[in-house]
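Engineer: Residue-level listing of the chains:
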Amino acid sequence: MPDVIRNRRIETDSFLRVESLDGVAPDADVLVPLALLATQRDVLQARSGKLGLWLETADEPVEVAQYLPLLDLVVVHFASFADGRGHSIARLLRERHGFRGEIRAVGDVFKETLFYLSRCGFDAFVLRPGESVEEALKGFDVFSEAYQASVERPSPLFRRRQAAVSKGLPA
Amino acid sequence: MYQYDEIDQRIVDERVAQFRDQTRRFLAGQISEDDFRPLRLQNGLYIQRHAPMLRVAIPYGVLASRQLRKLAHIARAYDRGTGHFSTRQNIQFNWPQLEQVPDILAELATVQMHAIQTSGNCVRNTTTDHFAGVAADELIDPRVYCELIRQWSTFHPEFAFLPRKFKIAVNGALEDRAATWVHDIGLHAVRADDGEIGFRVIVGGGLGRTPMIGTVVREFLPWRHLLTYLEAILRVYNRYGRRDNKHKARIKILVKAMTPERFQREVEAEWAQLQDGPNTVVEEELARIEARMLRPRYENLPDGAPAELQRALQEERAFRRWHERNVHAHQVPGYASVVLSLKATGRAPGDATAEQMDAVADLADRYGFGEIRVSHEQNLILPDIRQADLPELHAQLKALGFATPNIGLLTNIISCPGGDFCSLANARSIPVAQAIQQRFDDLDRLYDIGELDLNISGCMNACGHHHVGNIGILGVDKHGSEFYQITIGGSQAPARLGRVIGPSLGHEEVPDAIEALIGVYLEARLHAEERFVDVVERLGLEPFRERVYAQPEAEVLYA
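If you read the protein sequences in the order shown, they are chains A and P. Under my numbering, think of the first position of the first sequence as 1, with each following residue one higher. Under my numbering, think of the first position of the second sequence as 1001, with each following residue one higher.
Hints were generated in silico from the structure; no laboratory data involved. Quick caveat: nothing in here was measured; it's all calculated off a predicted structure. Check the hints yourself; a few may be wrong.
Stated by the list, open to error - Some chain P residues flagged as far from chain A (calculated, every beta-carbon gap over 10 Å):
#1 Arg1010
#2 Pro1102
#3 Gln1112
#4 Asp1137
#5 Arg1235
#6 Glu1261
#7 Asp1448
#8 Gly1519
As the list claims (entries may be wrong) - Not everything, but these chain A residues come out facing chain P in the computed CB check (under 10 Å):
#9 Ile89
#10 Glu112
#11 Phe115
#12 Tyr116
#13 Pro129
#14 Glu134
#15 Glu135
Stated by the list, open to error - Chain P regions said to be covered by chain A (calculated; three or more residues, Cβ under 8 Å):
#16 1011 to 1018
#17 1154 to 1160
#18 1238 to 1245
#19 1270 to 1279
Heads up, the beta-carbon is just placed ideally off N, CA and C, and yes, glycines get one too.
Chain A with its partners taken away, still in its complex shape:
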């Protein structure tokens, strides 16, 4: 897997995407499909390496919920950046199922998509090939404020405006 943007920095990724555990060292960090997790749960749990799950945007967060305590990472693959199902998946994993591990967006990910994705609970990103990292990083700061409640900021603007008023600050 190519380098990952985490905390607005490029970091090297340790996860190996695998379809089976054959020949994989027990301490390797692995990224597995849902099917493998469902059939080899105990084996995966017994390994010392980190565990990540690969999801497509059509997958159901509720089916994933039972495995979340085992996971260090959930990857959501965007075949197209215009597929908003992935945004709902991240919010549900964070807000409904309380997942605190890394949620990583991969696939059709670039500068314009980072602002929305990060507000939905994605905290790691792999840019599609050919994108400038430096340019993309600016994508996080395009907007300095947002109206809605989000994973990043659970209180919507209208509540924060209210708080500012009651503290005597300018709204």
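We have chain A; now place chain P onto it with these hints.
Structural biologist: Chain P alone, transformed into the frame defined by chain A:
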């Protein structure tokens, strides 16, 4: 109207900077055509037949005079001097240059306007009753809630990439003037017996190629829960709406496929998780929005028609007609709302020139409180006019060409821009509208025919709302030629879809066909109050069909 605070302004300014950057990178070849498309669409920019088309939002149809002057300036400086008011309380400019669009957006931002989410697969401009806050039949002024929805839907992180576009309409009066039954979500603001304000929630209505009347998913949703409930609906749609076929991607298809009952259960289950969460609306926020709405300071005027008005009504027939058709009852004694018809014969429905926009802005300042409304019927409205000023205003409007007394009548045609401008269109709309207006130009005849909505769309995307016209005309393409399919019996309120009368007709046959429909109606009506749509309801399609296709001069072409 809502006045931005520093944060609202900053968000719009940052959007301008973002779009400037995106346009720059696109023109420099750093963003591909395919990637730029959804990005520009989320900012209302289409690449059209002749040039880009920029659609600017007029949130819930309310404009200040300085905003209208800015639109006039944009029409003059960046377009060819005209703007087109659409059926969704937007204005469209048909001739801007792509390179100049960031500058146009920057100009709009100086008067608290934008083009955010006026297109694309996201939540679009929220629309409402064009008489909101002034109509005599109003239960609730829906505009505070519209602003609440505007803010909630602006750059919503989860719902920026829905399966398809998403339109919300709110109505708060007895008469539904917001077409709420044919929107993705329709909201009826209502007051419960105990005085609590809430909404009847309708989902899954829509026009387009699969027209449907929406389903009520909740009879009464208390106002506090408005945003969490909208989130629940949108989340169910975002996750389960079809993405494999754009013609089956609207929420109406999902509601139908799931069945309304199951869809409702899904929404309620989702809402059970969101209810009372942080998005629960607080009273202070409604009060904050209300405080930022500039409300007119009405004078204390006596009820009843003042002498000037009575005199004009008695003495001038033209004024009487205009008063009957274009003047609407107001909540406040001594005031009225005036509809400016953008449907004079020979003009493209909904079009206004820069000079006309400036002149209307002046009239709004002089006779009103500097406010103008835009209706989904593509007319402008001066909402707060002293009744004593009506005769003088009428004279001014006449000079401007905005006093055609045809509101609610056959020539008040709703029409999309059609094939003259739009690249989606299968056929032209404007010349057909003009031909019909010319045929029915005689006012006596128009008045005799009485109330009749005639709507024209140039393709089945139905921007001209043809399905809910008493007479609907749909442009279709047959072997590269323009044809027109006619429906009758549609209506907006109560929401009813028109039915096709038969094979489509050529361009030049349309006025004759309308003439034939009107002929049947006039012969069959029992009394002057029985409207065209009532007669269609009573008699069915057959007599109308017979007459249209019996026309010897009409060369009927079968599909």
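Engineer: Determine for every hint whether it applies to the structure shown.
Structural biologist: For each hint, the structure was consulted:
1. Against the 10 Å criterion, Arg1010 (chain P) falls within the reach of chain A, whose nearest CB is about 6 Å from its own CB.
2. Pro1102 (chain P), annotated as away from the interface, keeps every beta carbon of chain A farther than 10 Å; the closest lies near 14 Å.
3. Every CB of chain A lies more than 10 Å from the CB of Gln1112 (chain P), the least distance being 15 Å, so the non-interface label holds.
4. Distance check on Asp1137 (chain P): its Cβ is at least 30 Å (rounded) from any Cβ of chain A, clearing the 10 Å threshold; non-interface status holds.
5. With 10 Å as the threshold on Cβ separation, the claim that Arg1235 (chain P) sits away from chain A is violated: the shortest Cβ distance comes to roughly 6 Å.
6. Once the 10 Å rule is applied to beta carbons, Glu1261 (chain P) is consistent with being away from chain A; the minimum gap is 21 Å.
7. Annotated as non-interface, Asp1448 (chain P) keeps its C-beta farther than 10 Å from every C-beta of chain A; the closest such distance is 52 Å.
8. Every beta carbon of chain A lies more than 10 Å from that of Gly1519 (chain P), the smallest distance being close to 50 Å; the non-interface claim holds.
9. At its closest, the beta carbon of Ile89 (chain A) sits 8 Å from a beta carbon of chain P; the interface hint therefore holds under the 10 Å criterion.
10. The restraint placing Glu112 (chain A) at the interface with chain P holds, with a minimum CB-CB distance near 6 Å, inside the 10 Å limit.
11. Because the smallest distance between the Cβ of Phe115 (chain A) and any Cβ of chain P comes to about 8 Å, under 10 Å, the interface hint for this residue holds.
12. Restraint check, Tyr116 (chain A) versus chain P: the minimum CB separation of about 4 Å is within 10 Å; hint holds.
13. For Pro129 (chain A), the suggested interface contact is broken, since its CB lies about 13 Å from the closest CB of chain P, more than 10 Å.
14. Taking 10 Å as the C-beta cut-off, the interface hint given for Glu134 (chain A) is violated, the closest approach to chain P being about 13 Å.
15. With its C-beta approaching chain P no nearer than about 8 Å, Glu135 (chain A) sits inside the 10 Å limit, and its interface hint holds.
16. Under the rule that three or more residues need a Cβ within less than 8 Å of chain A, the assignment of the stretch 1011 to 1018 of chain P holds, with 5 such residues.
17. For the stretch 1154 to 1160 of chain P, the stated coverage by chain A holds: 7 residues have a C-beta nearer than 8 Å to a C-beta of that chain, and at least 3 were required.
18. Three residues within the 8 Å Cβ limit are the bar, and the stretch 1238 to 1245 of chain P against chain A gives 3, so the coverage statement holds.
19. A count of 4 residues in the stretch 1270 to 1279 of chain P with a Cβ less than 8 Å from any Cβ of chain A is obtained; the coverage claim is therefore met, three being the minimum.
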